[in-house]
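Quick note, the sequences are listed as chains A and B, same order. Following the working numbering from start to finish, the first sequence increments by one per residue and tops out at 788. Following the working numbering from start to finish, the second sequence increments by one per residue and tops out at 1326.
Honestly, the hints are just simulated from the structure, not real lab data. Idealized CB from N, CA, C, for every residue including glycine. Careful, some of the hints might be misleading.
To be verified - Taking beta-carbon pairs under 8 angstroms as the criterion, some of the chain B residues facing chain A (in silico): (1) W1133; (2) F1141; (3) L1142; (4) S1144; (5) A1159; (6) A1162; (7) V1164; (8) A1165; (9) P1166; (10) L1242; (11) I1243; (12) P1250; (13) W1251; (14) Q1259.
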Amino acid sequence: MYTAITDQVDESSHPKSFFYKYIWSQDHKVIAIQYSITAICVGLVALVLSGLMRLQLGFPDSFSFIDPSSYLQFVTMHGMIMVIYLLTALLLGGFGNYLIPLMIGARDMVFPFLNMLSFWTYLLSVIVLMASFFVIGGPTGAGWTLYPPASILEGAPGASNGIVLMLISLAIFIVAFTMGGLNYVTTVLQARTKGMTLMRMPLTIWGIFVATILGLLAFPALLVSAIMMLFDKLIGTSFFMPAILSLGDSVDYSGGSPILFQHLFWFFGHPEVYIVALPAFGMVSDVISTHARKNIFGYRMMVWAIVAIGGLSFVVWAHHMYVSGMNPYFGFFFATTTLIIAVPTAIKVYNWLLTLWRGNIHLTIPMLFAIGFIFTFTHGGLTGLFLGNVVVDLPLSDTYFVVAHFHMVMGVSPIMVLFAALYHWYPKITGRMLNTGLGKIHFWGTFLGTYAIYLPMHYLGFLGVPRRYFAMGETDFIPQSAQTLNAGITISAIIVGLIQLVFIFNAIWSLFKGKMAGDNPWQATTLEWQTSQTPPVHGNWGKNVPIVYRWAYDYSVPGVKDDFIPQNVPQDEVVMLEGNTGNNGENQ
Amino acid sequence: MKNTELPTTERHGDNKNTDLSWQSVNNDWSNDKQILDMPWGKLMMWIFLLSDTFIFSIFLISYMSARTAAVAPWPNASEVFALTIGGHHIPLILIAIMTFILITSSGTMALAVNYAYRNEIKKTVYLMLATAALGLSFVGLQAFEWSKLIIDEGIRPWGNPFGAEQFGAAFFMITGFHGMHVSIGVIYLTVIANRIRKGYYQNKGYHIVEITGLYWHFVDLVWVFIFAFFYLW
């Protein structure tokens, strides 16, 4: 052992001044909160953008400040912000940072300084991205996939400056993610406390761990394509640009391959779906197990399903490209691999359901969101089977069916888990409970609202309504009633958007007035709930790091007095029911 | 579930089975604390290099894709990269020298790691500085190569007189990215060598030399692939 985990706290390393404690902090918990607040703020910007898009779609010609260009810019920025700057940053930078050291019993990440640098670099990437709203021409409007040649030619909104800032911001984000991600992987592999074997880790950590590895291997593709497109834009190379006419004039490009960009983008883009989904899978497993007071069903299968999904996610990317003009034979291969992913994913869904089966279900707010997730995820997953098949995908490509599918599966579902996680871990992060009444309003509004938004979109997709259109205009195949549906979707979307304010209010109000939480309000087994202070102090554990004696899911063990046994309770300290001296706990 | 039955002590201590069977691999990976018996920094460098491997692989695959997709003919590398020395027209001579220098620097780096673990600090510092100097001369020769291509032969990222314009674009991008790695490596080596000289690692141990070496060997290995795909294809 080269660098055993320091069991004793080094008091001298705790910063005393406010500045070093809360701003230039190297404490993983403070960094996590910085990440989370930045991500949520930028996510609110994206939420407002989606509201503006919906206003135009629901009530065309009513809002003079939304012209076709700004509509496309809203679409693009909404997508990019939500996928990368909100979901990736909040799930890995936020929850990854907060939970990894606490759940594995470490005092901090292995390289705290690098961790701090990761946040500040992320903040820089957000600032560069936001700057694109204020440059001449505005942000890019090329769609979040940024497909060339359109994205860098005159005619696409923001092709002069916005696209440059977008690409630079992405490159900076990748640097930030790499610094954080190296830390997460190394911490999980090397800094677990005594007794915390890999197969005793909570599924949250497994999800974050595998997602981070995916990120470290997938983001390079985005980095390289961003660099190449920047060169195409700024110094006139022709990596992605064929000889082409732009606004009637031929431009100075020749011989490049736009489809190469699509391959590179989706080699990143598809694993990105799972970078977002896997931490959500992990966290929802822990929330369901805790609030159903039952061990997770099939822990090993859950772990291997996460690993299998992670591996498979690298060989399915071209299912985003069935209509791109690539060799049609590729479709067969990529359709097959895509449908194979349904197997481990279905294992996970069944196991969540079997965990709930005959559990002692507490319908707390985190649990409501977790159950909501099972609905939205199953729903979005099933439409994925439609789109994974080439013949079904071809007529549905670029319609609202696709929009409905990916919003259900990677928009709404991870966000349901994020809310479950925020309600679940807020008491540990702040020491106070979130208000339950407001939480119920928030849940039902969000859950029912998302169905009001996305169910009709499936129908619009079957009608053939194309996505990313500013206005439908007159067509033979889209009936007038589609517009009525669109107006209804817009009204639901605005209501759902406003309901998020209830959550923001709840989070701020509870910070000062919420009920005190205590150390372990949910009576959970995992280590982060066993800290002696709430919120945990710098260094996390008091004098000694905890020792782990069991897996993370000892709920409702027969014969034991409490319905949970924390991971750090040794077998001989488990309090049995009177008259029961057997070692039932051991046989679980 | 076996989970609650696992002993609480570290398991490899009482594992007498030392042959490399699946059981022992399994035991290692289901161990608590550290999976891999190495310092945190070294593991982190390995993971970083894995990620960096993906970056270079994607650069090279993109280059191959661009080369096969290009409509204009691809320039003949051995002509473009030829050098006339003393009236003799020798193809690829400059790049051969550069490759030789870089491979040699891997040798000096390996020696530095060896001496670091033997606690022969003076030799370690000199060998690291020698490695840095070889790296610097590589970057210098690359600058010479670039200026020759740009000024004498008129090759630009957006076009060249020999054929497909992707040639210049891919060449400057990939060798530039690699040259940046070498330059960063030179700075990294110099900083670490200076710290070793000042005794910064006296109590911490000299794993840092091996970690630096990992990075340096990686940069060399990448060069072999760039060399093969760019100059020999």
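Now the hints, each set against the structure:
| no. | hint | in the structure |
| --- | --- | --- |
| 1 | W1133 | holds (4 angstroms) |
| 2 | F1141 | holds (6 angstroms) |
| 3 | L1142 | violated (10 angstroms) |
| 4 | S1144 | holds (4 angstroms) |
| 5 | A1159 | holds (6 angstroms) |
| 6 | A1162 | holds (4 angstroms) |
| 7 | V1164 | holds (5 angstroms) |
| 8 | A1165 | holds (6 angstroms) |
| 9 | P1166 | violated (11 angstroms) |
| 10 | L1242 | violated (15 angstroms) |
| 11 | I1243 | violated (13 angstroms) |
| 12 | P1250 | holds (5 angstroms) |
| 13 | W1251 | holds (4 angstroms) |
| 14 | Q1259 | holds (6 angstroms) |
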